[in-house]
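Student: Hey, can you work out the whole structure from these sequences and the hints?
Number of protein chains: 2
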Amino acid sequence: MDGSTLPIARSTLPEAAAERLRALIIEGELPPGAKLNERELSEQLGVSRTPLREAFRMLAADGLLVQLPNRGAQVVALSAADVRGAFEVMGALEGLAGELAVARVTDADIAGLNVLQAEMEAAHASRDLPAYYRINRLIHDRLNALADNAVLEQTYRTLNARLHALRFRSNLNPAKWDQAVAEHRAMIEALAARDGATLRDLLVGHLRAKQQAVLDSMENKDDKNLQGGKVP
Amino acid sequence: MDGSTLPIARSTLPEAAAERLRALIIEGELPPGAKLNERELSEQLGVSRTPLREAFRMLAADGLLVQLPNRGAQVVALSAADVRGAFEVMGALEGLAGELAVARVTDADIAGLNVLQAEMEAAHASRDLPAYYRINRLIHDRLNALADNAVLEQTYRTLNARLHALRFRSNLNPAKWDQAVAEHRAMIEALAARDGATLRDLLVGHLRAKQQAVLDSMENKDDKNLQGGKVP
DNA sequence: CTCTGGCATATTGTATACAAAATGCAACAG
DNA sequence: CTGTTGCATTTTGTATACAATATGCCAGAG
Numbered sequence: 000m001d002g003s004t005l006p007i008a009r010s011t012l013p014e015a016a017a018e019r020l021r022a023l024i025i026e027g028e029l030p031p032g033a034k035l036n037e038r039e040l041s042e043q044l045g046v047s048r049t050p051l052r053e054a055f056r057m058l059a060a061d062g063l064l065v066q067l068p069n070r071g072a073q074v075v076a077l078s079a080a081d082v083r084g085a086f087e088v089m090g091a092l093e094g095l096a097g098e099l100a101v102a103r104v105t106d107a108d109i110a111g112l113n114v115l116q117a118e119m120e121a122a123h124a125s126r127d128l129p130a131y132y133r134i135n136r137l138i139h140d141r142l143n144a145l146a147d148n149a150v151l152e153q154t155y156r157t158l159n160a161r162l163h164a165l166r167f168r169s170n171l172n173p174a175k176w177d178q179a180v181a182e183h184r185a186m187i188e189a190l191a192a193r194d195g196a197t198l199r200d201l202l203v204g205h206l207r208a209k210q211q212a213v214l215d216s217m218e219n220k221d222d223k224n225l226q227g228g229k230v231p
Numbered sequence: 000m001d002g003s004t005l006p007i008a009r010s011t012l013p014e015a016a017a018e019r020l021r022a023l024i025i026e027g028e029l030p031p032g033a034k035l036n037e038r039e040l041s042e043q044l045g046v047s048r049t050p051l052r053e054a055f056r057m058l059a060a061d062g063l064l065v066q067l068p069n070r071g072a073q074v075v076a077l078s079a080a081d082v083r084g085a086f087e088v089m090g091a092l093e094g095l096a097g098e099l100a101v102a103r104v105t106d107a108d109i110a111g112l113n114v115l116q117a118e119m120e121a122a123h124a125s126r127d128l129p130a131y132y133r134i135n136r137l138i139h140d141r142l143n144a145l146a147d148n149a150v151l152e153q154t155y156r157t158l159n160a161r162l163h164a165l166r167f168r169s170n171l172n173p174a175k176w177d178q179a180v181a182e183h184r185a186m187i188e189a190l191a192a193r194d195g196a197t198l199r200d201l202l203v204g205h206l207r208a209k210q211q212a213v214l215d216s217m218e219n220k221d222d223k224n225l226q227g228g229k230v231p
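As given, the protein sequences belong to chains F and X, one line each in that order. Read in numbering that gives the first Met the number 0, the first sequence has 19 at position 20, and its numbers run on one by one without any break. Read in numbering that gives the first Met the number 0, the second sequence has 73 at position 74, and its numbers run on one by one without any break.
What the hints contain is simulated information worked out from the structure, not anything from laboratory work. Since no wrong hints were added, every one of them can be taken at face value.
A short list of chain X residues far from chain F (calculated; beta carbon distances all over 12 Å):
no.	residue
1	Ser41
2	Ala117
3	Leu137
4	Ala189
Quick look at which bits of chain F chain X covers, simulated, 3 or more residues with Cβ under 8 Å:
no.	region
5	41-53
6	87-98
7	146-154
All C-beta atoms, glycine included, are put in the ideal place defined by N, C-alpha and C.
Tutor: And the structure:
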């Protein structure tokens, strides 16, 4: 069900093209709303239109593209309501991951998480934002892995990609940052105490804060990141 | 984001083929594990291989097919772990839908739901199982609609399709049926009381019961529905 | 008898050619 | 000047042809 089966995963052209396009979208090279010309793109990627169109179907299923019959594909432009909805679902998924993780976590896992937490606090202390993001992601990934649920993992990853396409370097002010780090510490404590309900509440709240930050940054900045970039 | 845009939705061949295949899978015409021969299928459906392959990509993204490079597509065969995981996620999604619905539900909505609940109890009293399933689905759909979250709706529908592919007419014994109807009544009461936490717990519990029923039926019956049907 | 190597066949992967639809522009009517 | 109609061009949709890979069988060695 996870798709990554034994056969070494030799990549086929549609998959490779989809991966490349995914990166272009997330990096903002292909901005929201951009129309994707099949011939042009296929020449740029060095593949024919056939595998490219299969890649389009995959990305459309992931919610990164929208396909209109006879009118081609374009990068999705998320509305504020879409962002709100996506974060709500992410919150529910992370909350579930927390509950499931509690049931399976070992002391060794907790030790490992504590190491990561220490690294995160170090990154926080030295104001190393990239490192913070990296470790933050590691922690959440590890929680999801503990949940041991392939469907959850897959759903989570897909949604995450969609939100990353927003490229929210949401201006993380010092107060919010402090709070986020503190919340992470509380999470690991709840996990160590095998307190699923508390962990779930923490994760949902954590997501809610991130959601608010992103929505705020959407409000403030001009809509360039969301609707713009028709790419003339 | 919902895909159903204004342009009347003229269907294109890949979409039509995907819809047809989806039906064939859910009806069990294409059993789990069945290998899908492109040429053969394209002749049966009356389309060429190109749109058919796009349909494959869509269904694979929905988790109904598995595609192995150079070795074609086959209908997914869910393991017990997959089913467990899918139900866990469904529970979290329904729980979220409940919480969101509480925030938006109107008295008129509740009145409508009470009508459905009455119909459901009537179907239950007269042991009309098809009607029960139909009304059951209507109630859950309406709850999801109240949540007003396109991402949630889309995620829910996809997962639901995957589980329906199991074709679980899970032997609903009288005791379980009684309990399910009672749970439904409690749900609507919680919704009327705007008690999100209770509604969520009820929905999660409801799903957990269904999960157990399906897992039990998987245990008992031979694996025909899950692994079988290589289609010689 | 079993295992290995290689060939014939079948099946999937990709490119290209053709068909159908949409888009943009220009000419014309009002 | 504005709006509309029709045509040329572009773009997407589909089918088909060709290439690459996998599959299955048979022969022969051990």
